[in-house]
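Chains U and E are the protein sequences, given in the same order.
Under my numbering, the first residue of the first sequence carries the number 1, and numbering increases by one thereafter.
Under my numbering, the first residue of the second sequence carries the number 1, and numbering increases by one thereafter.
Derived by calculation from the structure, the hints in this document are not laboratory data.
Treat the hints loosely; a few may be bogus.
Any copy will do: because identical chains look the same in the list, a pair fits if it lies in one copy or spans two.
What the hints assert, rightly or not - With a straight-line Cα cutoff of 27 Å, these simulated DSS-like cross-link-like pairs (lysine-lysine) come out: (1) K62 / K159; (2) K69 / K112; (3) K101 / K62; (4) K153 / K82; (5) K82 / K20.
Please read all numbers here as calculations on a predicted model, not as lab measurements.
2 protein chains.
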Amino acid sequence: MADDALFEFLHMEIVALVYKEQATREDIDKERVTCVSTLDAMGFRVGQGMIERFTKDCPTFKDDLDLMKFLCKDFWSTIFKKQIDNLRTNHQGTYVLQDNKFALLTQFSSGKQYLEEAPKYLAFSCGLIRGALSNLGLESVVTAEVSLMPSCKFMPNLKSLIN
Amino acid sequence: MADDALFEFLHMEIVALVYKEQATREDIDKERVTCVSTLDAMGFRVGQGMIERFTKDCPTFKDDLDLMKFLCKDFWSTIFKKQIDNLRTNHQGTYVLQDNKFALLTQFSSGKQYLEEAPKYLAFSCGLIRGALSNLGLESVVTAEVSLMPSCKFMPNLKSLIN
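One chain only, chain U, in its complex shape:
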């Protein structure tokens, strides 16, 4: 219990730091894009590192759906202490990973009040997925969507396949 909190607190500090650093600079216009991409890049490197440890003794994956299932179960559980609740795909490289109670959003009150703050708290995790996929040979673009907190959807779109 206190264990999960460490990651959540650290994540909060990172978001706060990135936004604070940017706020003291002059190029306020670019602020939002830069902050999100800084957080995404941090997530990317952490995702790469994590998946390397994870898959060290793993058999290879049958296909990209198989790999995505692994991300939704093992990878997600270790980081966010629960599995992804729902995985969908159009079988053409687009996936939708739905987490009904996303750990990094549970601190917010549910409802729409803080909805516009949500992207700040999803950027790191988008990078995390992108980094993990990248180290497994899949280039992707990952976006996220929130309609009602603390539920959210991550949508990795694979640009190339392993095979």
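Go by the hints and put chain E onto chain U.
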């Protein structure tokens, strides 16, 4: 195992970010002090948050030595996955917590090669201890010392006592 890695990777990213942000600024002179204090402040807030969760259902502590033992065992184990190896005190408010294999330094080669990089990787943890102590009613100054990686000493100096 992959669990601990998450904290270690995140910590690396934070250190890198703080130093990168500072490097792009003009006041290079103040660089070292500012970076260390930014990291210390982040650690402080995380330490406060963590200890709150931890001591929610705890009995109160007998004295400050009792409290320090708790930090060395329970608190340290949750965060760094091992206990402090040695705790010493002069019974006048100065403590020395020695960790012979400090998690955030194990990535470095042992020996003296990277010794001057060490303070970067200790600042957050100094703040962590200071934050935890602060929420338990003890104001302190925490310094750290490394002579041979990955071993290091944290030295909280208590300014006031609970009683």
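Hints, one by one, checked against the model:
1. K62 / K159: within (18 Å within a copy, 60 Å between copies)
2. K69 / K112: Neither. Shortest intra-copy (30 Å) and inter-copy (44 Å) distances fail the 27 Å Cα cut-off.
3. K101 / K62: The answer is neither: 29 Å in one copy and 40 Å across copies each exceed 27 Å.
4. K153 / K82: within (15 Å within a copy, 36 Å between copies)
5. K82 / K20: Intra 30 Å, inter 33 Å, cutoff 27 Å: neither.
The earlier numbered hints that this structure contradicts are 2, 3 and 5.
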